[in-house]
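**Student:** Sequence:
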Amino acid sequence: MALPYIDTPRTEIDANATYMTNGFRSAARNSLSALDSVENSFQSPSKDHDLIKGLENGRSQKRSEFSLKTPRAGSRPNPMRNAFHDRRNLPTVPPAKGEFTPMLNSIARNNFIRHNNSTRRRSGPKTPAALRNTPGLPNMDMTGYGDDSTNLDGDPTPVPQMASSAQSTPLPTLPGRNGTVVGDGYNMMTLREQENVINKLDKENFGLKLKIHFLEQNFKLAKPEFAQAAIQENTELKVTKLTMERDLHQCKKSLRRAEQDLAGCQVELQELQANARRRHVNEDLQKELDQLRDDLENKENELHELQEELESVKENESERIQQLRDEIQDLQYDLRQKNELVESQEDEIENLKEKQQNENSSVAELEAELQRAKEQLEDLQSSLEQAKSEAREAKSKSEEAVEAKEQAVEDLKELQDEMTDKSFYTKGLSRQLEEKAHKLEDELNKLRKEHNILEENFQNKTRDVAKFEEEIEGLKEELSAEKARMQDDLDLAHHERDIARRERDDISERLHEADDDIRTGENAKEILKTRHDALTSESASLQRDLAQAKARISNLEEQMEAERDQFMNDTDELRLQHRVQLDQLHDEIESLKHDIEDREGQHAADRDRWDSLKRNLELQKEKVEQQAAGYKRTIDKLQNVETTLSGREGKLQDIIESEKQRHLQDEELLNRQIKELNDDIASRRQAAESQRQELLSVKEELRGARREESSLREKLQGLEDEIVVLQATLEEERAFAGNQQKSGTSDLEKQLQTANKERQAARDKLANANIEIHNLRMSSAELEAERDELQSQINRIQGQVDDTYRLDQEKIDLRKSKLRLENDLNRLKDEKRALLETKDKLQVDLNNEIERAAAEENRLLAEIDQLQDKLFISSERRDRELVSAKSRAERLELRVQELETLLNNQASPRLEASTSPDFSILRRSLEDARHQERDALQRESTLKASIRDLKTRIVELERENHELKAKELSAHSPNKSPSTSLKVQEELRSLRSQLLDMHKSMKDLKTRNLELQHATIHEEERKDLHELLKSSTLEAESLAVRLSERDARVNELRTHLRRVRDERALSAKKAEATQRELESLQDRYDTLLDELTQHSERNGRHAKEIRGLGKEIMWLRARLVREEKFRRDLAWSKGLMELGERVRIACNETDLKMIAEMGVKPHSPRKKFNPRLKLKAVACTVLAVCRMQKMSAEWSKSKSLGEGLRKAKGEVLKKRESMRRKSRIDW
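According to full-length UniProt numbering, the residues represented by the sequence shown are 1 to 1227, in order.
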């Protein structure tokens, strides 16, 4: 048989596909290259004896027939071989043209051609079926021999092989054959009967295998691990069900509680909204009240300011002018002094410069000294290096001397050995040797001394070098310090000079300002003329507003008090509700913590149990693997049985018997294991029962410990309540003692009250001062408005004056008003400073009184602390008992957890289903006990909270009772009779009423006094205004003279302005020129930046092109390697096919010779293939597939590289095309 012909592949360089071209180039290629070389083909052999097709037919035959025979060469009959030549599997339709692989395409084509040829040659059966059982070979036509299957009726009977034992297979008598021999009288069986027997044996074997499988499955299911697993799953499901029910119940409870909390929150929200509304109304009222108060205070302050201004204008007019003149003289004197100081400082600066020059020369000298020190240091370093070299030479000499000494010692030893060998001894030789040894020792000592001397010199040099370095560093530090000092002196001198210059400029400015102030002072009287009438009308309206505001203030204060009381009550209620909710949440958190701890313990136990189950399953897995290995060995034994059916049947019976024996042994082993497990279960039950009893006892101990703990907690709570009661009694006693000591502390309280009153008065004064400042600012604005009005009147009077005169007059007025306001501000600042000083004094007095009261309070607190220490000492013993009880309870809980884990861990994974009810009952009881315990703890916590609330209520009631008793005792004290106390109270009431009347009368007197003062002030202001009008006419005449002088100055200023404007125009032209230069420079800079960016882009493009070329080279190399590999593989496959063809031809010739010797002349000889060759062929195909997959994976990498190159190339082409288009558009 010839393998299908594989054409030489041709690879397109421009694509990734491989085409079968039959030696011609591809249609897509226009020219040949080195890769288009044609591999020389050979003549296609015959299409018979296809190996792959034979293998496929063999597989189909195996599917149809089942045999336990081990294949042997030449031992099987011809009908088993004929499956390779069955032509039913050949294709009857030509293959499609779109076949993927060339090899598959050629195989399908060849099989189709072969099917057509065989159908043409076949012309019916050539051998009669009647001669099936004849022993001889009949003379017949063998043209169609071997091409037909033996499984169909009507086919020609195949000729059996001579070497086959299929003709006469002796078999023992089988029970299904009726106890007789074979039908023809001989102990013979036909092939069909043999097949039936084999099929029967196969069925029995299959039945046994099924039985074995089901027995193993039942055995596995009967094992205690599965029962334990089922028990565990049931218990876990029950536990999860109970936990889910409990969680659901808790969630319902929490939901109800949340609904209740939500309803409470809604009620609280409504209350808060109502309070907020009330508070908002109160705030609005308070704002209106504050606004009215501010208006009232502003009006009063304005009145006071106006009065003060009038008084100050009358008193300080002449004084201010004189002061300004004195200030001018003082400033001139200060200016002269400053000039003298500036000159002296300039002299000092020159002296400092000289000093600096001298110091620079000294610094140069120091630098020269430093340079000399550096040179000395370099000399020392060179000498140090010389010393080091000398030391190295001395070391080398000493080493040489030591080596010479060692050599001499060796020579001495050699001589001694020679002398001992020759058995003579000479004195001269020994003397010479001793002299040599002494000389060497002397030289060695000299070298050591020299080495020590050099080392000392070296150390001295190093010390000198260190000293010089330290000296150099010291000189450097001194030099730097001197430089810094001199620089500081110079900076200080420059700074003083600048300060003197600034002071001189300031003095000159102050002189000019003083001149302006003198001029403005003369015009100050004109400002307050028209304000008198407005103030009189405003004062009356303000008094009416004041009465109305006071009435509203009193009403609003009463409303505020009521709202404040309501707000305090609401806040107390909300705080109590918040505390109750916090206690409830703390209790819920504690219960949840207990639940989490219980679940963590249960999770740990489950994890241990699962670990044990995992270990048991691994052991079972190992056992099953061992059994599988045993079964595999039996299967191997079955496959290695002899080919004869008799031996096979006996061996099968032996195997069946061995399997039965093995099953019996397994059953015995299982029975023993079951007995052991039952015993183990009984022992485990007893152990579990004992542990359960121990667990119950431990739980009882735990309950007792918890009861003790609860009792101790109750005792502790009682002690705490006692402490609270004692503290309350202590406070009451302290209050009682305070009442008794009121007579002693009354003076202190009076002093505190007076200090507080003074402090409040100081605060009021400070507030009044701030209000006055604010009013001054407001009045300044009003004065400016009035000034504008007066200026307009002056302008109407002096309508004949030029525009320049009006401008100068406005400037003068502005300066005058500014100076006047500055003076007023300075006066107010002085008053504010005086008020602050009085405030500080009052604050100091108040602090002293507070410190005295704090000392008294500290003394009382110390007494309280002593009493608390006594109580703490008495309660320490009870705390110790409580701690010991808690530790005992914790130990018992840990013991319970350990026992539970032991119970879970020691529970055998191989318990039967009968043990499941006990464990489930135990766990259920344990869960119920835990649940009951949690409920009891919750009830206990709620009861404790209620008890605590009741105790606090009792303490409060006792405290109130005690206060009432103290009041009764104070009321019925022997020192004071009830009649006297009543008299005192009546006197106090009468005194309070008298004080109120006095306050009212004082207020009335103050208001009358203020009215009288206002009337007198108004009259004085009218007189002053008349005098001011007279003086203003005189001042107007003097101002006209001054205006003429100012005109001259205005003209001079105008000329100066023209010069300044011309200079500005020149500077603007220069600025435009510089701007143009800057723009040109910016353009040049932008062009340079563009060139740099283009250069960097070109470099980047060049680097990318180089990388692309590298990738393209890699891609071409990969394609070339692939092409060469394809060609090598094709050449090798062609040579292999030629060799196989020669081998097959030789084999066919030998087969034909053998058949000719047998007397048969076959038309189409066939070669009998060995199963080893089949296996080899399959292995070769598998290897070929693996290699193809590997090559395809390698080629996919190169393919991805090629795709990347193609994409990059496309992008480059697109960019070039876009650049060309842009260039065309630009052109």
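In case anyone wonders, no lab produced these hints; they're calculated from the structure.
Be a bit skeptical, because a hint or two may be false.
[Said to hold, decoys possible] Below, simulated DSSO-like cross-link-like pairs (lysine-lysine); rule was C-alpha separation at most 30 Å, straight line:
id, residue 1, residue 2
1, 660, 621
2, 413, 436
3, 374, 436
[Claimed, not checked] Taking CB as the label site, the calculated pair distances span:
id, residue 1, residue 2, range
4, 491, 389, 22 to 28 Å
5, 229, 941, 40 to 46 Å
6, 686, 233, 22 to 28 Å
7, 258, 620, 47 to 53 Å
8, 491, 370, 38 to 44 Å
9, 683, 1178, 19 to 25 Å
10, 370, 392, 49 to 55 Å
11, 544, 508, 51 to 57 Å
12, 686, 620, 23 to 29 Å
In this text, all values refer to a predicted model and were calculated from it rather than measured experimentally.
A virtual CB, placed ideally from N, CA and C, is assigned to each residue, including glycine.
**Student:** State for each hint whether it applies.
**Tutor:** Here is how each hint holds up against the structure:
| no. | hint | verdict |
| --- | --- | --- |
| 1 | 660 x 621 | holds, 24 Å |
| 2 | 413 x 436 | holds, 13 Å |
| 3 | 374 x 436 | violated, 51 Å |
| 4 | 491 x 389: 22 to 28 Å | violated, 53 Å |
| 5 | 229 x 941: 40 to 46 Å | holds, 41 Å |
| 6 | 686 x 233: 22 to 28 Å | holds, 26 Å |
| 7 | 258 x 620: 47 to 53 Å | holds, 51 Å |
| 8 | 491 x 370: 38 to 44 Å | violated, 26 Å |
| 9 | 683 x 1178: 19 to 25 Å | violated, 60 Å |
| 10 | 370 x 392: 49 to 55 Å | violated, 32 Å |
| 11 | 544 x 508: 51 to 57 Å | holds, 54 Å |
| 12 | 686 x 620: 23 to 29 Å | holds, 27 Å |
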